[in-house]
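Chemist: All chains should be modelled from the sequences, with the hints used to inform the complete structure.
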Amino acid sequence: MADTAKKGGGTARSTGGRRRSRKDAAPSIADEQPKALLEYYRQMLLIRRFEERTAQAYTQARIGGYCHLNLGEEATVVGLMTALKERDYLFTNYREHGYAIGKGISPREVMAELYGRSTGVSKGWGGSMHMFDTEARLLGGYGIVGGQLPLAAGAALAVSYRGGDEVVMCQMGDGTTNIGAFHETLNIAALWNLPVVFVVINNYTGMGTTVDKSSAEPELHKRGSAYRIEGVRVDGQDVIAVRDAASDLVERARSEQRPYLLETMSHRMKGHSVVDPAKYRTKEQVEEARANDPVAAFEARLEEAGVLDDDAKKEIADSVRDEVTDAADFAENSPNPEVSTLFDYTYATPVANESTRMPADPVFAE
Amino acid sequence: MSVITYRQALRETLRAEMHRDEDVFLMGEEIGVFEGSYKITEGLLKEFGERRVRDTPIAEEGFVGAAIGAAMLGLRPVVEVMTINFSLLALDQIVNHAAKIYGMFGGQNSVPMVIRMPGGGGQQLGATHSQNIELYYSFVPGLKVVAPSTPAEAAAMLRAAIRDDDPVLFLENLGLYNTKGEVPDDDDTVAEIGRAAVTREGSDITLIGYSRMAAVAGQVAEKLAEDDISVEVVDLRSLRPLDRETIVESVRKTGCAVVAEDDWLTYGIGAEIAATIQEGAFDYLDAPVRRVAMAEVPMPYSKPLETAALPSAESITTAVHETLRAVGRRVG
Ligand SMILES: Cc1ncc(C[n+]2csc(CCOP(=O)(O)OP(=O)(O)O)c2C)c(N)n1
Numbered sequence: 001m002a003d004t005a006k007k008g009g010g011t012a013r014s015t016g017g018r019r020r021s022r023k024d025a026a027p028s029i030a031d032e033q034p035k036a037l038l039e040y041y042r043q044m045l046l047i048r049r050f051e052e053r054t055a056q057a058y059t060q061a062r063i064g065g066y067c068h069l070n071l072g073e074e075a076t077v078v079g080l081m082t083a084l085k086e087r088d089y090l091f092t093n094y095r096e097h098g099y100a101i102g103k104g105i106s107p108r109e110v111m112a113e114l115y116g117r118s119t120g121v122s123k124g125w126g127g128s129m130h131m132f133d134t135e136a137r138l139l140g141g142y143g144i145v146g147g148q149l150p151l152a153a154g155a156a157l158a159v160s161y162r163g164g165d166e167v168v169m170c171q172m173g174d175g176t177t178n179i180g181a182f183h184e185t186l187n188i189a190a191l192w193n194l195p196v197v198f199v200v201i202n203n204y205t206g207m208g209t210t211v212d213k214s215s216a217e218p219e220l221h222k223r224g225s226a227y228r229i230e231g232v233r234v235d236g237q238d239v240i241a242v243r244d245a246a247s248d249l250v251e252r253a254r255s256e257q258r259p260y261l262l263e264t265m266s267h268r269m270k271g272h273s274v275v276d277p278a279k280y281r282t283k284e285q286v287e288e289a290r291a292n293d294p295v296a297a298f299e300a301r302l303e304e305a306g307v308l309d310d311d312a313k314k315e316i317a318d319s320v321r322d323e324v325t326d327a328a329d330f331a332e333n334s335p336n337p338e339v340s341t342l343f344d345y346t347y348a349t350p351v352a353n354e355s356t357r358m359p360a361d362p363v364f365a366e
Numbered sequence: 001m002s003v004i005t006y007r008q009a010l011r012e013t014l015r016a017e018m019h020r021d022e023d024v025f026l027m028g029e030e031i032g033v034f035e036g037s038y039k040i041t042e043g044l045l046k047e048f049g050e051r052r053v054r055d056t057p058i059a060e061e062g063f064v065g066a067a068i069g070a071a072m073l074g075l076r077p078v079v080e081v082m083t084i085n086f087s088l089l090a091l092d093q094i095v096n097h098a099a100k101i102y103g104m105f106g107g108q109n110s111v112p113m114v115i116r117m118p119g120g121g122g123q124q125l126g127a128t129h130s131q132n133i134e135l136y137y138s139f140v141p142g143l144k145v146v147a148p149s150t151p152a153e154a155a156a157m158l159r160a161a162i163r164d165d166d167p168v169l170f171l172e173n174l175g176l177y178n179t180k181g182e183v184p185d186d187d188d189t190v191a192e193i194g195r196a197a198v199t200r201e202g203s204d205i206t207l208i209g210y211s212r213m214a215a216v217a218g219q220v221a222e223k224l225a226e227d228d229i230s231v232e233v234v235d236l237r238s239l240r241p242l243d244r245e246t247i248v249e250s251v252r253k254t255g256c257a258v259v260a261e262d263d264w265l266t267y268g269i270g271a272e273i274a275a276t277i278q279e280g281a282f283d284y285l286d287a288p289v290r291r292v293a294m295a296e297v298p299m300p301y302s303k304p305l306e307t308a309a310l311p312s313a314e315s316i317t318t319a320v321h322e323t324l325r326a327v328g329r330r331v332g
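Residue numbers (full-length UniProt numbering), protein chains in the order written: chain A, 1 to 366; chain B, 1 to 332.
If you are wondering where the hints come from, they were derived from the structure by calculation, not from laboratory data. As the structure is a computational prediction, the values presented were derived from the model and not from experiment. Backbone N, C-alpha and C define an ideal beta-carbon position, used for all residues, glycine too. A few of these clues could be false.
Unchecked claim - Computed list of chain B residues with no C-beta within reach of chain A, every gap over 12 Å:
| # | residue |
| --- | --- |
| 1 | Glu35 |
| 2 | Lys39 |
| 3 | Leu44 |
| 4 | Thr179 |
| 5 | Pro184 |
| 6 | Asp185 |
| 7 | Asp204 |
| 8 | Asp227 |
| 9 | Leu265 |
| 10 | Asp286 |
| 11 | Pro298 |
| 12 | Ser315 |
| 13 | Val331 |
Said to hold, decoys possible - Computed footprint of chain A on chain B; a stretch qualifies when at least three of its residues, placed anywhere within it, have a C-beta under 8 Å from a C-beta of chain A:
| # | region |
| --- | --- |
| 14 | 59-67 |
| 15 | 98-104 |
| 16 | 138-149 |
| 17 | 190-197 |
| 18 | 232-245 |
| 19 | 274-282 |
Modeler: Right under this line is the structure:
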């Protein structure tokens, strides 16, 4: 199986100018439904504003823990989520707020989770890194790099065991392709013909370590070739390109019952997490990320094509702003989980002699 | 009632559970074509086919994690990890994922799976292949850890583990596979995870063990009865949750205790039991709790050294005698 670098082209790797400029060969939007285009735009803007609000709330200490944002990756997130059918499953890493929203979870529940409230998508037990929703089929964000990969293969195994036609998508970052679980999982997925699409979000950095410093084969879509997994690289700044490439692989995984690997080339606009000032980034990198802002670029493109006018732009901006404000208010006004529920989620099957002692309780009360 | 081995009890239970529930399937290294490193899964591939008896690559993290993912969608994988020693490669998946998924996501998704793994020394396998590291797992809330000592218990406990909605680590000791015991025919008893058993009543001293050490404790008690020493034997069976009540109740009755464990002493399961007794039966104790454990060394290959390193009927007997002497009773 050849590694086809279809939609994104086999772009040469270097820190600067590492992908073709959008204008060369971006898929045309002439044949697209304006309604769909506007919906992509709305979702990208929603994720952008949501994340900005998140950063603000984090700085105000309304949100605790770590907080990794999708800023700069909105086109990738929306493109990928559009490619999934409602019945398809998704596993992600810890950088997942945008994916949760894109998979159909209300921004209210996502924000409430960030606030640690009982109304949050994981009832306040997961936080930023661990969102989960059975109905939306988001089967979790995972904080251990690569931890989600074997789980995704297992979910695909369950689908295949039952003869179902769902596909599992498994998102990860570029740095994740160097962890053992990546290789064990790709091998198993290929051996067992599992319907899973592995997606590597190549934002060129894992924390501060760049791809060329961490990956002996920096063209990450090629790393499936050792397992005969076809890999595709796509421009992650272009929502249509991502949607097309991902839809193609998702549908092929579904009909052919086998795994695929998609690499999306994108930019992380900020540091690794909200508290990271990203001092390690060069001026060019920062500029390149800014120049490649996928939301602004898509907006300009829609305006150029006459799909988005000033009125529509304002209407979308207002509705998005209201939705984010509503989400933050909802989170702010939601209750914290009751301390009396502390022991509710250790075991699903109740069990004899489960410890429910609080830190200072005696083991044996006289 | 039939007399069968621990190995047969496991195999027959796996077979029956697979017939009972289509969602139950097996996976692990060499469990299919090779029929299992310890032949627990002999014949099962022929009977159930590759869909339900799945040979995996040598990729502990990958396949244990895949079993967790399959369990998240409601299948009931029973994974065999060739020996507990290799589960260290899957430690992340077991501790960070299997144990946490239910709690971390607010109780939305349980992980109904079983990980079976043999362990223990005595086979001259050297340092990396002779460990009992059940303590690592017993430390973690969200996991259930069981270690039955007889064929009947193994069957009842395996049924419980398979039907349980949480990840259950099912520990087998290599030294138990060929031991025989009575198992009721057409039995469908489901053991209660989290409960210990008083396997022999006695009044002079409590002897506490699990897995192979519970079996040895039973033999020691029988032998000591000939000298008119009445030993009560507590088989923990479940290491997490731990049945503290049964332990404490027994020690309150007998006034002294010996704990026997097939693993290292420092920070070990015996230490937890001794602390439990201190907290629950301090006023009833007539002598300090004594612990019998493996020597704290990497297991040697040499037979005499290995034998010396392992707890045995003799070392347990000595500990019982010395404890009774401390109580003021003349023995032996
Ligand atoms: C096993 C493990 N090692 C290290 C970390 C700390 N860590 C968190 S994120 C991260 C970088 C991962 O980079 P990448 O996979 O490229 O994902 P991105 O952050 O770009 O989404 C590291 C090293 C971790 N969470 N888990």
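Chemist: Against which earlier hints does the structure fall short, listed by number upward?
Modeler: none
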